[in-house]
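Peer 1: Protein sequences, first through last, are from chains H and X.
Residues in the first sequence are numbered consecutively from 1, following our numbering.
Residues in the second sequence are numbered consecutively from 1, following our numbering.
Hints listed in this document are in silico derivations from the structure and should not be mistaken for laboratory results.
Every value quoted in this text rests on a predicted model; they were computed, and no experiment measured them.
Backbone N, C-alpha and C fix where the C-beta goes; we use that ideal spot for every residue, glycine too.
A hint or two may mislead.
Stated by the list, open to error - For lysine-lysine, the following BS3-like pairs were computed, each having C-alpha atoms within a straight-line distance of at most 30 Å:
hint	chain 1	residue 1	chain 2	residue 2
1	H	K81	X	K407
2	H	K146	X	K407
3	X	K119	X	K75
4	H	K221	H	K211
5	X	K672	X	K489
6	H	K122	H	K146
What the hints assert, rightly or not - Some but not every residue of chain X turned toward chain H, in silico, with C-beta under 7 Å:
hint	residue
7	L8
8	V11
9	R239
10	T248
11	A658
12	A661
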Amino acid sequence: MQAEPSREAPVAVCNLTKTFLDESRGTIHAVDGINFECRESEVFGLLGANGAGKTTTLRMLSTIIAPSSGTARILGHDIVKDPAGVRRNMGFFSASTALYPRLTARETIEFFARINQYPKDKVEARVDALIERFGISEYAGVRVEKLSTGMKQKVSIARAVAHNPRIVIFDEPTSGLDVLNAIEVHHAIRELRDDGRTIIFSTHIMSEAEKLCDRIAIIHKGRILACDTFAGLREITGLHYLEDIFLRFVRGPA
Amino acid sequence: MNWAALRLLYVHEMRMVLRSPRTIVIALVLPAVLMPLMISGSRLIQQRQTIRLDETTFEYAVTGPWADQARELIKSYRDSAEFMSFDVEEREVSDPDAALRDGRLHFYIRTLDVDEGDKAAKQAAEASVAGLDQPLPATGVPALQVVYLGSREIARAGAERMTDMMRAARRNESYAILIARGFPSHPDGILATTNDNLATESQISGSNLGRFFTVVLVVWIVAAGSIAAMDIIAGEKERGTLETLITTGAGRTEIATAKHLAICTVGIAITFMQVLYALVYIRLRVITLPPEFAIDLSAQSVLQLFILFIPLAAAIAAALLIVSAYAKTYKEAQLQFFPLFMGSLVPSLAAVIPGLKSRSIISLVPVANVSVAVREVLTGRPDHLMIGVTVAVMSLTAGLLIRYSAKLLAREDIVVSTQHEQSALEGGDSLFQRQVFRWFAVLWAVTFAAAANVPQLQSPLTQVLFNEVVIFFGASVFMIHRYRLDVRKVLGIRRMPWQIFAAVLMAVPAAQVVAVAFFRIVSIFIPTPGDLLRQLAKQIAPTSLPVWQMILFMALLPAVCEELAFRGLLLHGLRHRFHPIVRCLVIGIIFGVFHYTLFRIAPTALLGVILTGIAVMTGSILPGMLFHAANNSLAIGMESANISLSRLDGFTYATAIAVFALSMHVIWRYGKQAREN
């Protein structure tokens with residue numbers, strides 16, 4: 001059982017549970033009563049294998065799906081009681097969230113800024129700033145369907161933060177990207193963190209978690225087995241590499 | 001409702017639709033090009049066909065004992081003004097059937113002596129359908145038959161002309177005999193009847209147009225709206241943009257409403273474009289209207305039509321949105337629109353039913369009410385109160401459907417694409433549950449297409465054999481094999497208490513009376529022409545077959561094959577969908593739709609609901625099979641013995657209802673025990 005999160009934390013997750021009913025396999029606890037909190041200016045990593053419950057957790061936090069029990073508060077907005085409030089204050093980026101192919105890069109960012117109720121009079125300036133920041137000025141008027149994978153990834157991040165949210169979720173953002181594009185994504189995440197935002201970052205790649213995350217939660221079969229800084233995890237286990245630490249928690253002591 | 005978000009989303013959806021080359025081509029460019037091409041093409045084909053027919057010298061032979069008399073008749077009539085362009089030439093052949101098959105003859109005339117003529121007359125009487133205008137051949141006289149191969153178009157046209165010539169000859173010869181024997185004047189002059197139509201040309205045109213106007217508009221709106229609907233949710237799911245959209249600050253209600261409005265706009269806009277194209281083509285004389293066609297619509301009538309069609313378009317758009325939401329991919333959406341397309345066509349045909357007025361219960365049936373009200377407007381007899389009721393019913397329907405579609409967007413299994421992939425990977429039972437509707441839509445389309453296009457399936461017996469054995473039995477076995485389904489589980493084969501079977505046998509005669517009571521009540525609101533019902537009865541149970549064959553083919557075979565398909569496979573596939581009562585209704589309606597002759601849908605659907613109810617209550621198809629077989633056998637027996645249930649008193653109806661209710665109670669009680677065991 002993890003400790004109850006602080007109510008003041010930007011993200012506070014309390015006994016969050018998600019069960020699915022599958023005819024052949026019965027009740028599946030995809031997420032099983034997890035607790036954690038994320039702090040300001042922090043990259044909080046959810047590290048787990050495929051099917052560990054990372055995406056389900058993040059989908060509940062972004063209100064795509066509702067929890068079976070428990071809840072979470074995002075900047076004071078309850079994900080069950082006030083999902084619209086949560087979404088307005090959060091950016092969500094995942095491998096499964098795509099872009100509209102028939103919109104240009106500029107139109108994409110502008111649409112997401114407006115739909116997330118960014119102040120009308122500041123939308124244009126915000127869009128210009130993001131285009132400048134992500135280096136997509138040359139392609140701003142080009143339809144997304146004609147952009148390269150790397151450019152699309154940049155537009156995707158820009159649209160996720162178009163309304164300047166304080167919390168940004170990245171669900172396996174480098175999945176399917178080459179090294180150079182993955183480095184670009186890492187760079188963007190660090191910048192957002194340095195800008196004072198809270199980042200929740202899920203991955204199954206150890207090196208990513210090691211390099212990017214200020215704190216790491218190891219999630220396995222819907223439960224959080226450990227949550228600490230990389231240094232803290234090293235200290236608890238006495239192991240040097242994150243991969244060994246991960247295996248220690250998932251499989252138990254050798 | 002956040003109106004600013006709604007407006008933004010609507011503009012966004014419209015921008016997506018307008019930027020889709022597929023939508024523009026399919027919805028705007030193709031109809032504009034295809035309509036004149038199709039019309040000109042069909043006109044050209046028709047002209048060439050006429051020229052070809054006129055240029056053809058039809059080769060024929062005459063056989064049988066009255067051949068010389070037939071030749072005389074042909075000789076005396078081929079030069080008459082009526083058959084001047086009909087060029088025929090007789091050929092000598094030893095085997096006329098072989099000559100027909102290898103194309104040496106277009107047709108031949110078989111003359112029959114009295115015995116053969118009687119035999120042919122008897123066969124014609126057995127194959128005929130009561131209520132048709134065609135007189136049956138007389139007995140005790142020689143007869144002529146024009147024999148041809150219907151699969152050869154030219155030969156068929158020639159045979160039809162020759163049949164007309166022979167009939168004209170027979171009529172004139174009979175008249176000549178009558179006059180020769182002292183009949184005082186030409187027989188056509190006796191009691192000569194003419195008619196005097198008091199309706200204006202506009203009213204007649206309005207009545208004719210009104211029957212099909214709603215059908216045509218529904219087809220256009222569904223076809224046009226589906227192009228947008230497919231892209232708007234199913235396409236978004238496939239691309240992954242739906243998940244992007246629902247993580248924004250916009251609410252699900254705003255998202256669903258904006259999508260609905262976009263589909264509605266596209267549906268109406270494209271329908272408007274189609275009407276515009278039609279008007280332009282009429283103006284350019286690409287489409288020629290009949291000379292007596294005249295529609296005189298006042299501004300008020302146009303407004304009434306507009307008011308009637310707006311909620312209809314809204315309801316169709318919402319239904320399209322729901323179908324698109326349930327589909328996981330663009331391709332799946334394309335398949336799932338077909339049942340909706342057919343489902344919306346059936347009620348829109350309500351205006352075809354003679355005598356049906358909007359001031360009846362039909363005003364509460366969505367789509368059908370618009371169809372009837374539109375006919376009344378076009379014939380210049382609008383019922384303002386019922387137009388109001390119709391608009392209210394359609395608006396309520398549209399509202400409920402929109403609300404439901406908004407709820408759908410809150411459902412995880414609808415919006416999260418990865419939830420669906422599991423069943424596809426697992427295959428088997430879970431995949432079958434997802435695809436069961438698709439299978440039955442395909443089966444329906446095959447039965448419909450086969451019945452309409454295969455001449456060998458025109459007789460009731462061959463149609464029953466094809467539908468039962470090939471479609472229902474064959475497809476059921478294929479589905480069981482394809483999805484590796486557990487047969488015992490699908491069919492619910494288990495020991496049943498004898499009380500269930502006893503109750504089924506007790507329920508059957510009571511159900512016949514209950515059904516009559518039910519349809520007597522329904523016919524108060526939806527009048528059904530007697531001729532059609534009589535014709536229908538004949539088609540269901542052709543008296544040409546011996547009773548044992550009728551029981552075998554019309555009772556036992558359907559009981560086994562249809563129960564296997566509908567209460568076995570379909571019910572199994574839907575067992576986790578819908579409330580049990582809704583499930584009974586859905587399966588009952590689908591069962592009715594498979595018996596697609598317009599007036600058979602309702603009684604068969606009622607039977608389907610009862611049979612599904614029995615299968616749900618007992619968890620097995622066996623009691624339903626017994627009910628189905630006993631019900632059809634009883635109906636055949638009563639038809640054979642000329643027993644009619646149409647004149648029963650109130651006490652009989654009340655007793656039958658009580659017996660039926662008691663039987664159902666027994667089935668439910670012992671069925672529950674059987675399921676728990």
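Peer 1: Hint by hint, work out which the structure violates, then give me just those numbers in ascending order.
Peer 2: 2, 8, 11, 12
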